[in-house]
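Student: Listed below, chain by chain, are the residues.
Protein chains: 2
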Amino acid sequence: MDFVDSKGARLHMALATIQTDIDEAFDRLLPVPDDTRARLFEAMRYAAIGGGKRVRPLLLCATATMFNVSREAAVLAGAALESIHVYSLIHDDLPCMDDDDMRRGKPTLHKAYDEATAVLAGDALHALAFEILTFEDVSADPFVQAQLTRCLALASGMGGMAGGQAMDMAADSATYDLHTITRLQQLKTGALLTASVEMGAILGRLPHDSRGPLLNYARDIGLAFQIADDLLDHEGDEEKAGKALRKDDEQGKQTFVTLMGADGARSQARALVEQACGHLAHYGEDAGVLCDLARYIVERDR
Amino acid sequence: MDFVDSKGARLHMALATIQTDIDEAFDRLLPVPDDTRARLFEAMRYAAIGGGKRVRPLLLCATATMFNVSREAAVLAGAALESIHVYSLIHDDLPCMDDDDMRRGKPTLHKAYDEATAVLAGDALHALAFEILTFEDVSADPFVQAQLTRCLALASGMGGMAGGQAMDMAADSATYDLHTITRLQQLKTGALLTASVEMGAILGRLPHDSRGPLLNYARDIGLAFQIADDLLDHEGDEEKAGKALRKDDEQGKQTFVTLMGADGARSQARALVEQACGHLAHYGEDAGVLCDLARYIVERDR
Chain H
93 MDFVDSKGAR
103 LHMALATIQT
113 DIDEAFDRLL
123 PVPDDTRARL
133 FEAMRYAAIG
143 GGKRVRPLLL
153 CATATMFNVS
163 REAAVLAGAA
173 LESIHVYSLI
183 HDDLPCMDDD
193 DMRRGKPTLH
203 KAYDEATAVL
213 AGDALHALAF
223 EILTFEDVSA
233 DPFVQAQLTR
243 CLALASGMGG
253 MAGGQAMDMA
263 ADSATYDLHT
273 ITRLQQLKTG
283 ALLTASVEMG
293 AILGRLPHDS
303 RGPLLNYARD
313 IGLAFQIADD
323 LLDHEGDEEK
333 AGKALRKDDE
343 QGKQTFVTLM
353 GADGARSQAR
363 ALVEQACGHL
373 AHYGEDAGVL
383 CDLARYIVER
393 DR
Chain E
93 MDFVDSKGAR
103 LHMALATIQT
113 DIDEAFDRLL
123 PVPDDTRARL
133 FEAMRYAAIG
143 GGKRVRPLLL
153 CATATMFNVS
163 REAAVLAGAA
173 LESIHVYSLI
183 HDDLPCMDDD
193 DMRRGKPTLH
203 KAYDEATAVL
213 AGDALHALAF
223 EILTFEDVSA
233 DPFVQAQLTR
243 CLALASGMGG
253 MAGGQAMDMA
263 ADSATYDLHT
273 ITRLQQLKTG
283 ALLTASVEMG
293 AILGRLPHDS
303 RGPLLNYARD
313 IGLAFQIADD
323 LLDHEGDEEK
333 AGKALRKDDE
343 QGKQTFVTLM
353 GADGARSQAR
363 ALVEQACGHL
373 AHYGEDAGVL
383 CDLARYIVER
393 DR
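Same order as they appear, the protein sequences are chains H and E.
For the first sequence, this note's numbering assigns the number 93 to the initial residue and increments by one for each residue that follows.
For the second sequence, this note's numbering assigns the number 93 to the initial residue and increments by one for each residue that follows.
Treat each hint with caution, since some may be false.
Chain copies aren't distinguished; within one or between two, either way the pair holds.
Using 30 angstroms as the maximum straight-line C-alpha spacing, the simulated DSS-like pairs for lysine-lysine come out as follows [unchecked claim]: (1) 339 - 203; (2) 203 - 345; (3) 339 - 99; (4) 99 - 203.
Worth flagging that the hints you see were computed from the coordinates, not collected in a lab.
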């Protein structure tokens, strides 16, 4: 096995492990109750369990591992992150938003259940995320719990994910230039990816002023991730992606691909990944999974 | 001014003050940005500022005052509570949920803006609530921040408000008996009202095992509040209420009024209020506003 293959195997193993761990965490967090809330819990399980790449929990766990955080704590905090990500996918897929029928290779939640259940299941997953962050098993230290809460609330709210979604929905978004698209994506997807890395650092009790290289890494891969998403939408395989593609083109939306061309976007994504890994040079092999994950992010087909 | 009038004046003043304070807090929390997120922020302001009774923030502030918490901290925590309450109203009013056109005397958010903005503004207010709870101005003690976060997440999620909403939406909710309706309402509205009182106690650093009387008070007024809501829906004035009434009757839903009759429900609500105030006898005049508020809750016309 040569070096490239062993790195591929390391990432493959890390992804398979986090996918199992997050599925198991949601299975324990969402026991279906013996009352008429059952349908809500089943809907939450339908959306949260199975199928996701779990990039955000892996970012958190791979960072936390560098600072000797227990696997159990990192996986639970990762489930909180993924709970926010899944709620945002459920609400984004609604008929009044992107009106998508397929997600992670199966019908979207409002198709499999109904719109009201989809709105409510998203809201319940949103609350679950913040509940998880106050578990003793995440941290017995309230200072860590409060920092995690603040980090996740800022990344998901009006100054992060929700704010980016608002920019994306704005009537004039079809006219955005590269600077504005970059800012939009830094909020819409970048903020939560950055929070994934920062929450790993918080769990690892890394002081604020030592987090710079990790946050620079996260900023660069966040942008690379979105460029790769735009490329996937432009030229990917719907069956592999598990969702409808070519939507940006149909809607005449500005993306990194329309603004830079497919080749320009691809080389920009690859340059960002190399730059991202460069920020972690100081950590050497300890940051191996984070670097592998950065490369996977731009080469993935789903 | 006799005793009854002075009590009425005291509550009137407390309500007017909290309404101003919460409006001012949201005005500071939601400055409209100079970018295309402006519409999202304007929608959040439309829903959050003006018109609400602010019962939950008043419960929190009146409790916190008993334990010498600063007004600023209590108002901010109250704004977090109200942020959760407002997001739940926005989502409940959506066409796929209750499909309501009027709320607090003006068009519902999806009528004044659009459905996508309403979903997103609700989500952003949801995140804002948890962001607020980690402000230094709420508490400089992370232990208090983490306890507040846990209390609010539990009260609003699948084991509280969202769970109660799921029970309400269940296909067989038209057949519920009094026991099941009570359980449903304890989750759907009771949990957040109880959290309002408990968050005041947390801010006041009241130990867990001293919170019993306050939590019993909260449980009783929560039930009284919902019975009063059912009475209001059954016999209230739509103009004063600022929203559509008679919806339960139209939908053939089981409520405290259908199960106990209007007179039975009214006397039950009043008995619960007296029982609630009884729990606070130990606190004497310090609990005056909480008792006044309990009585207002069952006599209000909106």
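Student: All hints are to be evaluated individually against the structure, with a verdict given for each.
Tutor: A quick look at each hint next to the structure:
Taking the shortest Cα distances, residue 339 and residue 203 sit within 30 angstroms of each other both inside one copy (19 angstroms) and across copies (27 angstroms). For a Cα distance limit of 30 angstroms, the shortest separation of residue 203 from residue 345 qualifies both inside one copy, at 25 angstroms, and across copies, at 26 angstroms. In this homomeric assembly, residue 339 and residue 99 never come within 30 angstroms of each other (Cα to Cα): the closest approach is 34 angstroms inside a single copy and 61 angstroms across copies. In the homo-oligomer, the alpha carbons of residue 99 and residue 203 never lie at most 30 angstroms apart, since the shortest distance is 39 angstroms inside one protomer and 53 angstroms across protomers.
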